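Engineer: Use the sequences and the hints to build the structure in full.
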Amino acid sequence: MAFVAAARAADDEVKLSREEEAIVELTNKERAKEKLPPLKVNARLLKCAREHSDNMARQMKMDHVLDGKEPKDRLREAGYEFMNMGENVAYGQRTPADVVKTWMNSTGHRENILRAEFTEIGVAVSRSSRGVPYYTQVFGRPLPR
Numbered sequence: 835m836a837f838v839a840a841a842r843a844a845d846d847e848v849k850l851s852r853e854e855e856a857i858v859e860l861t862n863k864e865r866a867k868e869k870l871p872p873l874k875v876n877a878r879l880l881k882c883a884r885e886h887s888d889n890m891a892r893q894m895k896m897d898h899v900l901d902g903k904e905p906k907d908r909l910r911e912a913g914y915e916f917m918n919m920g921e922n923v924a925y926g927q928r929t930p931a932d933v934v935k936t937w938m939n940s941t942g943h944r945e946n947i948l949r950a951e952f953t954e955i956g957v958a959v960s961r962s963s964r965g966v967p968y969y970t971q972v973f974g975r976p977l978p979r
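For the sequence shown, position 75 matches number 909 in our numbering, and the numbering has no gaps at all.
Accuracy of the hints is not assured; some may be wrong.
Unchecked claim - Think about it this way: if two alpha-carbon atoms lie no more than 20 Å apart in a straight line, the pair counts; the simulated SDA-like pairs of lysine to any residue are: (1) LYS874 <-> ARG928; (2) LYS881 <-> ASP907; (3) LYS849 <-> LYS874; (4) LYS869 <-> ARG979; (5) LYS895 <-> ARG884; (6) LYS863 <-> GLU951; (7) LYS874 <-> ARG979; (8) LYS881 <-> LYS869; (9) LYS906 <-> LEU977; (10) LYS935 <-> GLU859.
Because the hints were derived from the structure by calculation, they are not lab data. All of these numbers come straight from a predicted model, not from anything done at the bench.
Structural biologist: What follows is the structure, given as structure tokens:
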């Protein structure tokens, strides 16, 4: 759980579900294989990820753009000022390991997970009324203060 501890260091107020913790840990293990630093969980990115997963589950639709809002729009609304950002979405995978494996087997999603410029992450899992899980990973690098 060293990867989760590193993730929590970014914001003591961050509360992750077990599934979300597992996704962060598995994501950081993939980064470690490439000698990349672990991503730290950011409360604003977490909020964006949760709202997007909730919305996808409610609409039973997996997409980066819902209700006319792109990922960058959602980050700006949350007050997250970024240099770089990215997003991975998925649905239907049964376990955190399955969803991370799916992302790692997809070029664009893998690039987001292994992008050296990203320093922070928000992760969410929400279920539709039918019990289907909808996953969101939001990656970012904040503007320097």
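Engineer: What hint numbers does the structure not satisfy?
Structural biologist: Going through the list in order, the structure violates hints 1, 4 and 8 and respects the others.
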